[in-house]
Amino acid sequence: MSPVATTTGLGTGSPGDGGAGLGEGAARRRELILAQSKRSLGRRHLAGRVAVALCMVAVAISLAPLVALVAYTTSRGVHALSVDFFTKIPTPAGIAGGGISNAIVGSLIIVGLAAVMAVPVGIATALFLLERRGRIAGTIRFTADVLTGVPSIALGIFAYTVLVEPFAHFSAIAGSFALAVLMLPVIIRSSEAAMRNVPRSEWEAGLALGVRRGRVVRSIVLRGALPGLVTGNLLAVARAVGETAPLLFTTGSQLFNLNPAQPTAAVPLTIFSLGTSPFPADQQTAWGAAFVLLVFVLVLSIVARLVAGRLNRQAR
Amino acid sequence: MTIETAEAAAVSLEDVSVSFGSHRVVRDVTLDLARNRVTALVGPSGCGKTTILRAINRLHDDTGGKVTGRVTVGDLDVYGRDTQPELVRSRVGMVFQRPNPFPTMSIFDNVVAGLRLNGVRNKALLHEAAEAALHHAALWDLVKDRLQTPAVRLSGGQQQRLCIARALAIEPEVLLMDEPCSSLDPIATAKIEELITRLSSDVTIGLVTHNMFQATRVSHYTAFFLLGEDRATGELIEYGRTVDLFDTPRDPRTKAYVSGEVG
Numbered sequence: 434m435s436p437v438a439t440t441t442g443l444g445t446g447s448p449g450d451g452g453a454g455l456g457e458g459a460a461r462r463r464e465l466i467l468a469q470s471k472r473s474l475g476r477r478h479l480a481g482r483v484a485v486a487l488c489m490v491a492v493a494i495s496l497a498p499l500v501a502l503v504a505y506t507t508s509r510g511v512h513a514l515s516v517d518f519f520t521k522i523p524t525p526a527g528i529a530g531g532g533i534s535n536a537i538v539g540s541l542i543i544v545g546l547a548a549v550m551a552v553p554v555g556i557a558t559a560l561f562l563l564e565r566r567g568r569i570a571g572t573i574r575f576t577a578d579v580l581t582g583v584p585s586i587a588l589g590i591f592a593y594t595v596l597v598e599p600f601a602h603f604s605a606i607a608g609s610f611a612l613a614v615l616m617l618p619v620i621i622r623s624s625e626a627a628m629r630n631v632p633r634s635e636w637e638a639g640l641a642l643g644v645r646r647g648r649v650v651r652s653i654v655l656r657g658a659l660p661g662l663v664t665g666n667l668l669a670v671a672r673a674v675g676e677t678a679p680l681l682f683t684t685g686s687q688l689f690n691l692n693p694a695q696p697t698a699a700v701p702l703t704i705f706s707l708g709t710s711p712f713p714a715d716q717q718t719a720w721g722a723a724f725v726l727l728v729f730v731l732v733l734s735i736v737a738r739l740v741a742g743r744l745n746r747q748a749r
Numbered sequence: 037m038t039i040e041t042a043e044a045a046a047v048s049l050e051d052v053s054v055s056f057g058s059h060r061v062v063r064d065v066t067l068d069l070a071r072n073r074v075t076a077l078v079g080p081s082g083c084g085k086t087t088i089l090r091a092i093n094r095l096h097d098d099t100g101g102k103v104t105g106r107v108t109v110g111d112l113d114v115y116g117r118d119t120q121p122e123l124v125r126s127r128v129g130m131v132f133q134r135p136n137p138f139p140t141m142s143i144f145d146n147v148v149a150g151l152r153l154n155g156v157r158n159k160a161l162l163h164e165a166a167e168a169a170l171h172h173a174a175l176w177d178l179v180k181d182r183l184q185t186p187a188v189r190l191s192g193g194q195q196q197r198l199c200i201a202r203a204l205a206i207e208p209e210v211l212l213m214d215e216p217c218s219s220l221d222p223i224a225t226a227k228i229e230e231l232i233t234r235l236s237s238d239v240t241i242g243l244v245t246h247n248m249f250q251a252t253r254v255s256h257y258t259a260f261f262l263l264g265e266d267r268a269t270g271e272l273i274e275y276g277r278t279v280d281l282f283d284t285p286r287d288p289r290t291k292a293y294v295s296g297e298v299g
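Keeping their order, the protein sequence lines are chains G and P. Under our numbering, residue 749 is the last one in the first sequence; the count climbs by one each step, no gaps. Under our numbering, residue 299 is the last one in the second sequence; the count climbs by one each step, no gaps.
These are computed hints drawn from the structure, not numbers from a lab. One or more of the hints may lead you astray.
[Claimed, not checked] Sample of chain G residues lacking proximity to chain P, with all beta carbon distances greater than 10 Å (derived):
(1) R482
(2) T507
(3) R509
(4) F600
(5) L642
(6) R646
(7) L655
(8) L659
(9) T709
(10) L731
(11) L733
(12) V740
[Unchecked claim] A short list of chain G residues far from chain P (calculated; beta carbon distances all over 10 Å):
(13) G458
(14) A459
(15) L479
(16) L560
(17) T572
(18) F603
(19) R656
(20) S706
(21) Q717
[To be verified] Keeping only pairs whose Cα atoms sit at most 25 Å apart, straight-line, the calculated SDA-like set for lysine to any residue is:
(22) K471(G) x L263(P)
(23) K291(P) x L263(P)
(24) K159(P) x E464(G)
(25) K159(P) x L467(G)
(26) K471(G) x K291(P)
(27) K471(G) x D118(P)
(28) K471(G) x F144(P)
(29) K471(G) x L153(P)
Ideal placement from N, C-alpha and C gives every residue a C-beta, glycine not left out.
Extracted from the complex, chain P is given alone in its bound form (with noise of 0.2 Å):
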């Protein structure tokens, strides 16, 4: 399956399939994000897309994933032999399910920990890119009087924020968002939502999400997954346009899962 999107890809996926022992979780997944776009990955729970996000950082080197195929970040090999994961993941930031802000804390320390724990001493570059963090994460004006008290005393919502705004203040390419909202409650939810959109000017984004009102209202592109005739591997079924996608799909499985017919 070949997919026109005519815009530059910043993160590039080919025939990549995981595998944890002998069960193939996803398979033969060629997807691209396009660059400074929001893709959202849809579709029921247990058919890859978690698994499929965290392949393109490199999570599954710690959980026992295998990782097949090629994927690159702009110019980087992922899986190339010579590749460092952590070089991969200072470039691409990633976002829980989750709030999980690192209890032990501050708010300024969990926004800049990522710098920290990575060598970055210098005070001044550690303020500037936590000033700048908080304000993307639309944080900045609530937070700025009080940075050194613990970042658990947040709100949920909040707390999302922040670890937005520390995915964010390393500066990455790419910010892998994996159900950011699901334990969040609608008002917090649409403040997530409004930060996706304004973010995705300048950060390719790449979204699961179970919710399709989400889907359409924050993302560009949609790339839609099933579980695969043999009812145990996920697969991509249909990708390109939010709108087409909604609108006017091709495949017919994708048409009874947008129009609510099967979940």
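Chain G with its partners taken away, still in its complex shape (with noise of 0.2 Å):
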């Protein structure tokens, strides 16, 4: 099949190791690699053509239902928007008008406290999965990964009995509670990867002046991992504020109300409820909620991105 096959000979262009030059066996190897590549290079180029094509195509099919959600939820939800939808609660079923302050104001509660609960100990556990090797940090890496795949709802339920059923009545707090749980595992594996990519030799350099671990990591680890740690734990809230399941079994309740020890409305039940309701009035301020919880998403990455960008600048 190839015509390489009956003139290659090995040692026809070999020399020794002190040997000089490329011997005459270069030529003909370079005349052989150029026509064997050549031949293929054509249909390379069209391999790769095609590749890039799919490539494009598989981008497209990705963007479609991204693009048909926000158009759909806009168009669908951008009616309802008044200033009475965000300063009015909920009128009773059916009836036209109201708004979904208490919803908004219960979800701000419950995933502010969420990501109190879950930040500060996401980022502690990656600070330790930094500093330790071995079997305890590997234990605790595989957990986070297996929590990241507790189905949500089973959360739900779990933040139910340890802090619903002993009180007898829901709460912000329950399913502040639940979401943290949801956070965690992202938190933690985003803030790890943040604070790896500050180099070992900066945390050298810290500890060789002298400076004690603590004030290292403070100042020289966190730091550096800053824009990182912001974006992946403002992605890990984004990514909970629109959770649902969490809420069914733990916040209760349409009422508007400060006290998270009290049960609280929140954005995505008000969604689900209202949604499944049989009077179009409601279908509406469905829609609109969804609209207001996909702007807030939206915001919330690009703040995200914004801080990120801005703190990498001022790290130059």
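The task is to assemble the complex, starting from two chains supplied on their own in separate frames and drawing on the hints.
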């Protein structure tokens, strides 16, 4: 099949280690290599173009649902928005007007508390993983990965047994706890990755100055990882704010409430209950709430990027 | 500036400039790499030596650098409209600052990567090319009994010689070396330098180096780069035989640099 097979013999063009020159075999090999690679170059170029085209199709496929979702939610939900929508509480079922101020405030409280619980624990755990090698760290990492895969409704039931059943009433704190557990593994893994990006040599430069370990961690490692930490944590918050299942068994109520120990409304639950209502006015409100949630997540993601970018520039 | 070398050029650069966005990194370089000679590119950091070297095999295609001017390798117009970058690179090998063998490949697979990934399947040819390349890189005796072991098991200096073998296996006319010894100890460096000297009888070598002694030891010609008046764009200051450039530099800036007055 190949024209080379008969002409190729070892030894023809291989000088010893001490010998100079590529030998006369070199020119012959150069010809053969060029000929063989040129023969397939056209095919490889074509394959390359096909591969690029396939990648673009894949991008289109992954973007299409996202664009459709945003466009549809916006077109259905934007009409529901008004000043009342943000300032008033819901009207009785089937009656137009009213707003979802209870749910918006409730969601902010629930997610805010969840972040307060999960972020310090998550970053501290990540720091531990960074510092310790061995079985314990490996086990924690593995557990965190498994926790990522636990269905969020299971976390809701867990929070229910721990924080709802004993007190015999729903509360924002119970919902926050469920969301905190949900966010934790994401925070741990993204924070660890962010801190691992701080070069070892910078740690050592700090230690070599006689700086205490804790101070090195604070002023050099945490500071260096700050852009990544901010991005990772804000994205975890953005992920949690839209979660519905963990709140089903934990927060209860549609009342306007500012006390975290009391039952509290939340935007995802509002969407869930109003969206399944038979009354068009309620469904309209649900679309509005969905749109608000979407915008909130979008804004949070943009803020995460802006803050990270700003911190990165400061670092230079 | 015209410079007579009286030797045939394997690589010619005419008015070559390279920009990244609005920043012109190096400008108006006109330079020949004489056939089967070693040309050293020296000068302080950030004056465009490596940038110029990478313009020769079109590596800026993938870094976003914009190259203007004319580059020819033999009779090939490197930036010609119909020139495929792959074809340029199959005639021009490159060795990088840090040894970068493919960590997932064996020694043998590393050496023949440039052939195999380019569609050469013939086993006899692959073996012949691998053996020849490893001989040229002075590695054959060291690795002939363990060609299938992972390349990363080799020491740093051996890895760099493996990378040289990998570049040589495609039988290039030109070998570009970007500070190939900067991460190596003096003994490994000496071996690479010996190799450069030996290879230069068959391959045209462009060598970026920070080490003046290295330039005087291994190169026939030296090109000296420095930042221009604007302190932002590198320029070719002087080019000539290495002995002349170091002993009787024409430009005062060259004189200051080679005598160690400024760094």
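Going down the list of hints, with the structure as the test:
1. Against chain P, the non-interface label of R482(G) holds: every CB pair exceeds 10 Å, the least being about 13 Å.
2. Residue-level check passed: T507(G) sits 35 Å from the nearest beta carbon of chain P, beyond 10 Å.
3. Listed as a non-interface residue, R509(G) keeps its Cβ farther than 10 Å from every Cβ of chain P; the least gap is roughly 42 Å.
4. Non-interface call for F600(G) relative to chain P: holds, since the shortest CB-CB distance, roughly 56 Å, exceeds 10 Å.
5. Every beta carbon of chain P lies more than 10 Å from that of L642(G), the smallest distance being close to 26 Å; the non-interface claim holds.
6. With a cut of 10 Å on Cβ distances, R646(G) stays outside the contact zone with chain P, its closest approach being about 30 Å.
7. The claim that L655(G) lies off the interface holds: its Cβ sits roughly 30 Å from the closest Cβ of chain P, which is beyond the 10 Å cut-off.
8. With a least CB separation of 27 Å from chain P, L659(G) remains clear of the 10 Å interface cut-off, as annotated.
9. For T709(G), the non-interface assignment is confirmed: its Cβ lies about 52 Å from the closest Cβ of chain P, beyond the 10 Å cut-off.
10. The Cβ of L731(G) sits about 29 Å from the closest Cβ of chain P, beyond the 10 Å cut-off, so the non-interface label holds.
11. Listed as outside the interface, L733(G) is consistent with that label: its C-beta sits roughly 31 Å from the nearest C-beta of chain P, beyond the 10 Å cut-off.
12. Every Cβ of chain P is farther than 10 Å from the Cβ of V740(G); the closest lies at roughly 25 Å, confirming the non-interface assignment.
13. Interface exclusion of G458(G) from chain P breaks down, the closest Cβ pair being 6 Å apart, not more than 10 Å.
14. For A459(G), the non-interface assignment is contradicted: its Cβ lies about 5 Å from the closest Cβ of chain P, within the 10 Å cut-off.
15. At roughly 13 Å, the least C-beta separation between L479(G) and chain P is larger than 10 Å, which holds for a residue marked as non-interface.
16. Consistency note on L560(G): stated as away from chain P, and its beta-carbon is indeed over 10 Å from all of that chain's, at 29 Å minimum.
17. A cut-off of 10 Å between C-beta atoms confirms that T572(G) is not in contact with chain P; the least separation is 28 Å.
18. No beta-carbon of chain P is positioned within 10 Å of the beta-carbon of F603(G); the least distance is around 54 Å.
19. A cut-off of 10 Å between C-beta atoms confirms that R656(G) is not in contact with chain P; the least separation is 27 Å.
20. Non-interface status of S706(G) relative to chain P is upheld: no Cβ of that chain comes within 10 Å, the nearest being about 52 Å off.
21. Listed as a non-interface residue, Q717(G) keeps its Cβ farther than 10 Å from every Cβ of chain P; the least gap is roughly 49 Å.
22. For the hint linking K471(G) to L263(P), the alpha-carbon distance of about 41 Å lies beyond 25 Å, and the restraint is violated.
23. Between K291(P) and L263(P), the direct Cα distance comes to roughly 15 Å. Compliance with the 25 Å bound is thereby established for this hinted pair.
24. A distance of roughly 16 Å separates the Cα atoms of K159(P) and E464(G); the hinted pair therefore holds under the 25 Å criterion.
25. Restraint check: the Cα-Cα separation between K159(P) and L467(G) comes to about 16 Å, which is no more than 25 Å; the hinted pair holds.
26. At most 25 Å may separate the alpha-carbon atoms for a hinted pair to count; K471(G) and K291(P) exceed this at roughly 47 Å.
27. With a CA separation close to 15 Å, the supplied pair K471(G) and D118(P) stays within the 25 Å bound.
28. The straight-line distance between the Cα atoms of K471(G) and F144(P) is roughly 23 Å, inside the 25 Å bound, and the hint therefore holds.
29. The straight-line distance between the Cα atoms of K471(G) and L153(P) is roughly 12 Å, inside the 25 Å bound, and the hint therefore holds.
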